[in-house]
Amino acid sequence: MNNTIVYLIGHYGVGKLTVAKAICAATGARLFDNHLANNVIFSLIRADSRTPLPERVWDMIGVIREQALQAMEDLAPADASFVLTNCLLESDPGDRAAYDRVMETARRRDGTFVPVLLAASDAAHAARVGSPERAERLKHTDVASAEHKRRTTELLRVDHPNRLDLDTTHLPPEQAARLIIAHAERLA
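Counting from 1, position 142 in the sequence shown corresponds to residue 199 in the numbering used here; the numbering is continuous, with no gaps.
Hints are computed from structural coordinates only; laboratory data are not their basis.
Hints may contain errors.
What the hints assert, rightly or not - Estimated spans, in silico, between C-beta atoms of each pair:
no.	residue 1	residue 2	range
1	240	134	18 to 28 Å
2	100	242	34 to 44 Å
3	245	82	14 to 24 Å
4	154	87	14 to 24 Å
5	209	85	37 to 47 Å
6	244	214	15 to 25 Å
7	102	135	32 to 42 Å
8	218	130	17 to 27 Å
9	88	243	21 to 31 Å
10	108	164	15 to 25 Å
Source: prediction; values computed, not measured.
No residue lacks a Cβ here, since even glycine has one placed at the ideal position from N, Cα and C.
Assemble the whole structure, with the sequences as input and the hints as a guide.
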């Protein structure tokens with residue numbers, strides 16, 4: 058996989074980070090997990106996934122994300138590949154802008170863009186969201202509010218010819234990674 062941006066999109070607990078790590082391990086791609094940017098700010102304000110975040114948080118995180126995307130465009134080797142993760146919602150105009158910006162980064166790199174929508178069953182979500190590993194990474198861990206969000210907010214509608222949809226309920230991360238890598242390589 059050369060000069061490819063894989064964008065893993067899904068609600069909390071679908072396995073975005075776990076699958077991303079498996080892709081990176083198999084290909085040497087570079088990981089830009091959404092919490093890499095978020096946690097710069099979350100750690101400073103001690104975000105706890107229960108207390109509402111100040112609205113300004115997202116503007117500050119946006120600056121960090123923009124700098125990371127700029128580094129991918131201007132500083133990273135031309136053959137480098139990246140795996141990004143995020144929960145993007147149709148109801149949030151900022152999420153559409155974030156998606157478009159990542160797609161534009163792939164275009165500016167003259168690379169392949171692969172949006173991947175991940176889903177999982179209610180039971181899989183519930184089992185994953187409350188895990189101690191998520192708490193350590195300052196991720197959302199409240200099962201009830203995560204379920205409510207999943208049921209009441211639609212993921213960003215992605216209409217792209219390279220889109221891949223995967224259900225991770227019974228799919229081991231390494232197998233999901235292999236499917237995504239094979240899809241990306243067919244597109245390259």
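Status of the hints after comparison with the structure:
In this structure the supplied range 18 to 28 Å holds for residue 240 paired with residue 134, their Cβ-Cβ distance being about 23 Å. Residue 100 and residue 242 have their C-beta atoms about 36 Å apart, which keeps the hinted 34 to 44 Å range intact. Range check, residue 245 to residue 82: about 19 Å between beta-carbon atoms, so the 14 to 24 Å window is met. Taken as a hint, the range 14 to 24 Å holds for the pair residue 154 and residue 87, whose Cβ atoms sit roughly 23 Å apart.
Separated by about 39 Å at the C-beta atoms, residue 209 and residue 85 satisfy the suggested range of 37 to 47 Å. As the Cβ distance of residue 244 to residue 214 is approximately 20 Å, the hint placing it in 15 to 25 Å holds. In this structure the supplied range 32 to 42 Å holds for residue 102 paired with residue 135, their Cβ-Cβ distance being about 37 Å. Evaluation of the 17 to 27 Å hint for residue 218 and residue 130 yields a pass: the beta carbon distance comes to about 22 Å.
Taken as a hint, the range 21 to 31 Å holds for the pair residue 88 and residue 243, whose Cβ atoms sit roughly 22 Å apart. Checked against the hint of 15 to 25 Å, the pair residue 108 and residue 164 fails, with Cβ atoms roughly 38 Å apart.
When the structure is compared with the earlier hints, a violation turns up for hint 10 alone.
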